[in-house]
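Here the protein sequences line up with chains L and H, keeping their order. For the record, in the first sequence the residue sitting at position 175 is 175 according to my numbering, with numbers rising by one throughout. Start counting at 1 in the second sequence, then tack on 409, and there's your number in my numbering.
Just so you know, the hints here were simulated from the structure itself, not pulled from any lab data. A portion of the hints provided could be inaccurate.
Label-pair distances were calculated between CB atoms; the ranges are [to be verified]:
id, chain 1, residue 1, chain 2, residue 2, range
1, L, 324, H, 495, 54 to 60 Å
2, L, 19, H, 426, 21 to 27 Å
3, H, 495, L, 407, 36 to 42 Å
4, L, 382, H, 571, 24 to 30 Å
5, H, 427, L, 16, 33 to 39 Å
6, L, 16, H, 474, 50 to 56 Å
7, L, 297, H, 571, 39 to 45 Å
8, L, 321, H, 571, 26 to 32 Å
9, L, 16, H, 466, 55 to 61 Å
10, H, 559, L, 143, 49 to 55 Å
Partner residues aside, some chain L positions facing chain H, computed with beta carbon under 10 Å [what the hints assert, rightly or not]:
id, residue
11, 31
12, 33
13, 231
14, 352
15, 383
16, 385
Some chain H residues flagged as far from chain L (calculated, every beta-carbon gap over 12 Å) [as the list claims (entries may be wrong)]:
id, residue
17, 412
18, 446
19, 474
20, 477
21, 570
C-beta: ideal position from N, C-alpha, C; glycine also.
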Amino acid sequence: MNAAEGASYYFRKAARIMDVGERIETLLATPLREVKVQVPIELDSGEIRTFIGYRIQHDNSRGPMKGGLRYHPEVDQEEVVALASLMTWKTAVVNLPYGGAKGGITCDPAQMSVKELERLTRKFVDQVQDIIGPTQDIPAPDVNTNPQVMAWIMDQYSKYHGHSPAVVTGKPLDLYGSKGREAATGRGILYTCREILRQLGLTIKGARFAIQGFGNVGSHAARLIYDDGGILVAVSDVHGGLKNSSGLDVPAVFEHVKRHGTVKGFGGGTACTHDEVLTADCEVLIPAALGGALHAKNAPEVRARVIVEGANGPTDPEADEVFERRGIPVVPDILANAGGVTVSYFEWVQNLQHLSWDEERINSELEKIMKEAFERIAHIGRTRKIPLRTAAYILAIGRVGKATVLRGI
Amino acid sequence: MKESTLMNSLLQAPICRGLTEPELATILEITEETSARHGEWIFKEGDPGDSLYIVLHGQIDIQKKDRNGGQQQLARIGDGSVIGEMSLIGGHSVRSASALAVTDAKLLKIPTARFSQLLAEANLAALKVVHNLAQVMSRRLLLMDEKLVEMAVGRRKEELLDFQRILTNWSF
Numbered sequence: 001m002n003a004a005e006g007a008s009y010y011f012r013k014a015a016r017i018m019d020v021g022e023r024i025e026t027l028l029a030t031p032l033r034e035v036k037v038q039v040p041i042e043l044d045s046g047e048i049r050t051f052i053g054y055r056i057q058h059d060n061s062r063g064p065m066k067g068g069l070r071y072h073p074e075v076d077q078e079e080v081v082a083l084a085s086l087m088t089w090k091t092a093v094v095n096l097p098y099g100g101a102k103g104g105i106t107c108d109p110a111q112m113s114v115k116e117l118e119r120l121t122r123k124f125v126d127q128v129q130d131i132i133g134p135t136q137d138i139p140a141p142d143v144n145t146n147p148q149v150m151a152w153i154m155d156q157y158s159k160y161h162g163h164s165p166a167v168v169t170g171k172p173l174d175l176y177g178s179k180g181r182e183a184a185t186g187r188g189i190l191y192t193c194r195e196i197l198r199q200l201g202l203t204i205k206g207a208r209f210a211i212q213g214f215g216n217v218g219s220h221a222a223r224l225i226y227d228d229g230g231i232l233v234a235v236s237d238v239h240g241g242l243k244n245s246s247g248l249d250v251p252a253v254f255e256h257v258k259r260h261g262t263v264k265g266f267g268g269g270t271a272c273t274h275d276e277v278l279t280a281d282c283e284v285l286i287p288a289a290l291g292g293a294l295h296a297k298n299a300p301e302v303r304a305r306v307i308v309e310g311a312n313g314p315t316d317p318e319a320d321e322v323f324e325r326r327g328i329p330v331v332p333d334i335l336a337n338a339g340g341v342t343v344s345y346f347e348w349v350q351n352l353q354h355l356s357w358d359e360e361r362i363n364s365e366l367e368k369i370m371k372e373a374f375e376r377i378a379h380i381g382r383t384r385k386i387p388l389r390t391a392a393y394i395l396a397i398g399r400v401g402k403a404t405v406l407r408g409i
Numbered sequence: 410m411k412e413s414t415l416m417n418s419l420l421q422a423p424i425c426r427g428l429t430e431p432e433l434a435t436i437l438e439i440t441e442e443t444s445a446r447h448g449e450w451i452f453k454e455g456d457p458g459d460s461l462y463i464v465l466h467g468q469i470d471i472q473k474k475d476r477n478g479g480q481q482q483l484a485r486i487g488d489g490s491v492i493g494e495m496s497l498i499g500g501h502s503v504r505s506a507s508a509l510a511v512t513d514a515k516l517l518k519i520p521t522a523r524f525s526q527l528l529a530e531a532n533l534a535a536l537k538v539v540h541n542l543a544q545v546m547s548r549r550l551l552l553m554d555e556k557l558v559e560m561a562v563g564r565r566k567e568e569l570l571d572f573q574r575i576l577t578n579w580s581f
């Protein structure tokens with residue numbers, strides 16, 4: 001089962017506990033619109049290459065749809081559909097006035113020049129400009145897309161519809177981007193860790209963390225947790241990992257990554273594999289790399305007291321059951337990594353109002369939203385005696401369901 | 410009842426439509442007059458089905474057991490109607506539903522065996538009756554279709570209400 005299938009499994013599990021019935025389940029699971037477009041471009045070599053792009057819009061009952069746009073050789077429609085629905089539940093969990101969407105282009109950006117990527121992006125916008133927009137569907141960065149790609153989207157869309165910074169979020173700071181957007185997901189994870197540790201009678205200060213993944217999510221989470229007094233005992237990226245039971249010197253790790261592009265080879269710890277990080281002795285495990293990292297085989301060996309999902313779908317359903325049996329709480333992706341979309345929402349709000357918030361305001365508003373969502377989910381979990389993930393889906397289904405019923409079918 | 414009065418009553422019955430007087434007389438020959446008191450069962454679901462009835466006068470309820478063991482009323486029928494026809498056409502050996510007299514009633518009973526014999530002889534009167542019966546049954550099917558659609562619509566409404574109730578149950 002891949003991460004995307006896991007997402008729909010968890011949705012169905014919650015829908016069945018709520019007993020919404022087969023037809024309501026289908027209504028909530030079925031995407032509103034699935035768009036598949038041809039994106040032909042001329043490569044630098046003069047050769048013509050045709051790429052396939054997708055934009056899946058899952059649900060708009062709570063507002064314009066929101067979700068990333070990814071460039072990857074393995075992008076396929078089925079996966080994008082599942083990820084679009086995940087966005088519906090995620091925006092509902094943190095109560096943003098959004099629905100869910102996701103998009104992607106099947107391509108290998110590592111094999112493409114910047115000019116080719118720009119042509120690809122602009123051509124894709126040509127194909128979907130009539131279904132995206134500040135009140136319809138607002139893309140954001142995802143796998144292999146960055147603020148520059150978002151800038152191209154804004155520019156190309158604005159050629160059709162007039163100046164429209166709010167059509168896309170995750171833009172560069174110098175082009176209507178928001179302060180705090182880059183670190184937002186990591187910061188959301190920090191706030192989530194604070195809340196879950198509080199429930200165990202612990203604080204970030206003095207707690208030991210293992211983080212798998214040192215990309216946009218893992219690296220910011222590591223830095224913020226370290227600044228808050230947390231002890232990073234293990235960290236890794238695709239090239240390899242590091243362990244140090246008395247705590248890694250995180251600023252020095254950052255210096256090392258800046259020079260070498262990987263945490264591997266850092267002198268202040270012992271080398272380990274990317275997967276060994278998952279079974280490190282610690283209080284909090286943050287899988288922030290790939291989907292499906294935790295499965296039936298390694299779940300019994302996890303030594304953390306809690307798991308906070310930085311990545312989308314890092315825990316497959318079998319591992320999820322193992323953790324439930326072992327009494328290890330899992331803070332689900334749709335809550336834990338919702339900081340990114342939350343600050344995207346702030347960016348959109350600032351764009352619509354033509355003003356700019358300072359970083360302090362961004363962070364405090366983010367903290368308020370994450371804390372409130374966490375408390376509500378923890379309350380549902382306690383009163384109904386269900387795991388946090390199921391509680392989060394139930395909260396999300398309830399919100400989307402109410403909007404659907406109020407608006408009418 | 411006098412034979413001429415019986416003939417007149419039969420002429421009113423849809424299943425005897427288009428029959429000449431001699432043909433009616435042929436049918437009448439194989440019938441027996443019977444009556445039911447108010448509150449009396451004419452037959453019950455599961456009984457052996459060996460005859461059909463033409464209601465000369467009176468009101469009859471057709472009922473069927475539901476899965477909880479209660480009786481569901483399928484129809485209330487009156488003068489000129491036919492009941493128990495499934496025993497003739499469908500070859501059902503047991504009654505698929507019960508018939509309850511809700512007023513005192515007079516009926517004509519046509520034993521299936523004797524009617525089948527007429528049919529086997531290609532008797533025109535019997536063939537005309539079967540043709541009429543087919544029309545009666547197709548009208549009933551039509552009503553049943555409408556009822557089905559009504560039920561489906563009713564359920565959809567309930568489904569949305571159910572969902573609202575579920576959401577209320579799960580609000581925090």
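Q: Could you tell me which of the numbered hints above are not met by this structure, giving the numbers in increasing order?
A: 2, 3, 5, 6, 11, 12, 13, 14, 16 and 21
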